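> Assemble the whole structure, with the sequences as input and the hints as a guide.
As given, the protein sequences belong to chains A and B, one line each in that order.
For the first sequence, the numbering used here gives the first residue as 913, with consecutive numbering after it.
For the second sequence, the numbering used here gives the first residue as 913, with consecutive numbering after it.
Heads up, some of the hints might be wrong.
Heads up, the list lumps identical chains together, so a pair's fine if it works in one copy or across two of them.
[As the list claims (entries may be wrong)] Under the rule of at most 20 Å between Cα atoms (straight-line distance), these lysine to any residue pairs were calculated in the SDA-like manner:
no.: 1; residue 1: 1084; residue 2: 1063
no.: 2; residue 1: 1084; residue 2: 1051
no.: 3; residue 1: 976; residue 2: 997
no.: 4; residue 1: 1045; residue 2: 937
no.: 5; residue 1: 1015; residue 2: 996
no.: 6; residue 1: 940; residue 2: 971
no.: 7; residue 1: 940; residue 2: 951
no.: 8; residue 1: 940; residue 2: 913
no.: 9; residue 1: 1015; residue 2: 982
no.: 10; residue 1: 1045; residue 2: 971
no.: 11; residue 1: 1021; residue 2: 995
no.: 12; residue 1: 940; residue 2: 950
If you're looking for bench data, these hints aren't it; they were derived computationally from the structure.
Treat the numbers as computed from the prediction; the structure is a model and nothing was measured.
2 protein chains.
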Amino acid sequence: MPYLVIEHLEEISNWVWLEYRHASEWWKNKLIFTNVLPEEREKLAKLGSVIGESVTRFPFDRSKIIVLDLQAEEELKPEDIDDDTIIVVGGILGDAVPRGRTKEFITSKMKGVKVRHIGKPQFSIDGASIVAKLIADGRRLEEIEYEENPTIKLDEFSEITLHYAVPKLDGKLLLTPGLIELQKRELGYTEADEEISDEELIEFFEGKRELA
Amino acid sequence: MPYLVIEHLEEISNWVWLEYRHASEWWKNKLIFTNVLPEEREKLAKLGSVIGESVTRFPFDRSKIIVLDLQAEEELKPEDIDDDTIIVVGGILGDAVPRGRTKEFITSKMKGVKVRHIGKPQFSIDGASIVAKLIADGRRLEEIEYEENPTIKLDEFSEITLHYAVPKLDGKLLLTPGLIELQKRELGYTEADEEISDEELIEFFEGKRELA
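This is how it looks when you write it as structure tokens:
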């Protein structure tokens, strides 16, 4: 199984943490964080390997690196990926309007690596990690479903729209577990100490229930 | 500054922990542990980068790797080491009688890497890490002092002999901080909750005082 590198480029906010945790559920022990500050190492070590150096400077074998970049000309294919391939996802949230930041922070600094895209939509960090995993497992990009700007109903009066694409598997949105709960809390819908289980969230997304 | 990789091959006993901590004092953020189990990641992340994969399988750039191996033909020299060289120390304690375990566990599994020795004596993990750092900083092997099988007086009736070599700098033994305290505790000389400071230890080794 190949490696997934998340180049860590932001503070570990609650939102970032949930995305990283979701990526680790898919990549397990093959997840590596790069560009990690000493004081962040222990926290991120809960989820994967942690390397202080940036992926752009660390002495990886560059012939094994594939950087995912919206601006790449070729799409990522299963046959690009070997057992020790390193797939790099830029850890940048909130880039709903593509601004070429992966190219700015990563691709332009790494000679000799492959660059591939995973389609036109803008995915979150965990979304891109999941799409990469599905392709590493043998699926082709055109077989992978996703929903752009999904809208999540919170109650009969309100909804949240996520301004990026979320991958789907067997018709189900693979939304970041805990993210809607976090948003509800931040919007004042939920008390801070109310926990919503992943099961409840899945049923919520399937339209089977409303959240308390 | 180059990287030091410690291939983690033992449980994290108190002794191993003290050696790792000492190595991290010398290598700071350039220390990387490889072959780390998921449940050990957080603990070792206190001291450096942590990678789950073994150094023998991880996709490092092998042209940048130097494995320290007693059985190497060439000695490690400052001119071998670039800014992104990866120096690998096998994390094996207690090999007082050389048994070629570095070759068995590391060198034989890594094609395309450089192999170098740091002299005939058998160093501990931290000792080898320090010798490598001194050479990376420009010293030549023949300039580095060490003491083989140093004997440490505990009180007027007893002493501890360490069956390996300990490097010296400016005439001072660079002994693992806390190690004598640990040994005294295990031998029943010290209560578990008595702490001995590094300063006391240094003075002890300089013969200026006895430990309480």
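> For every hint, state whether the structure bears it out.
Now for the hints, and whether the structure bears them out:
no. : hint        : in the structure
1   : 1084 / 1063 : within (14 Å within a copy, 67 Å between copies)
2   : 1084 / 1051 : within (17 Å within a copy, 61 Å between copies)
3   : 976 / 997   : both (5 Å within a copy, 18 Å between copies)
4   : 1045 / 937  : within (11 Å within a copy, 38 Å between copies)
5   : 1015 / 996  : neither (23 Å within a copy, 23 Å between copies)
6   : 940 / 971   : between (23 Å within a copy, 18 Å between copies)
7   : 940 / 951   : between (22 Å within a copy, 13 Å between copies)
8   : 940 / 913   : within (10 Å within a copy, 31 Å between copies)
9   : 1015 / 982  : within (9 Å within a copy, 44 Å between copies)
10  : 1045 / 971  : between (24 Å within a copy, 18 Å between copies)
11  : 1021 / 995  : between (25 Å within a copy, 17 Å between copies)
12  : 940 / 950   : between (22 Å within a copy, 10 Å between copies)
In summary, the structure is inconsistent with hint 5 from the numbered list given earlier, while agreeing with all the others.
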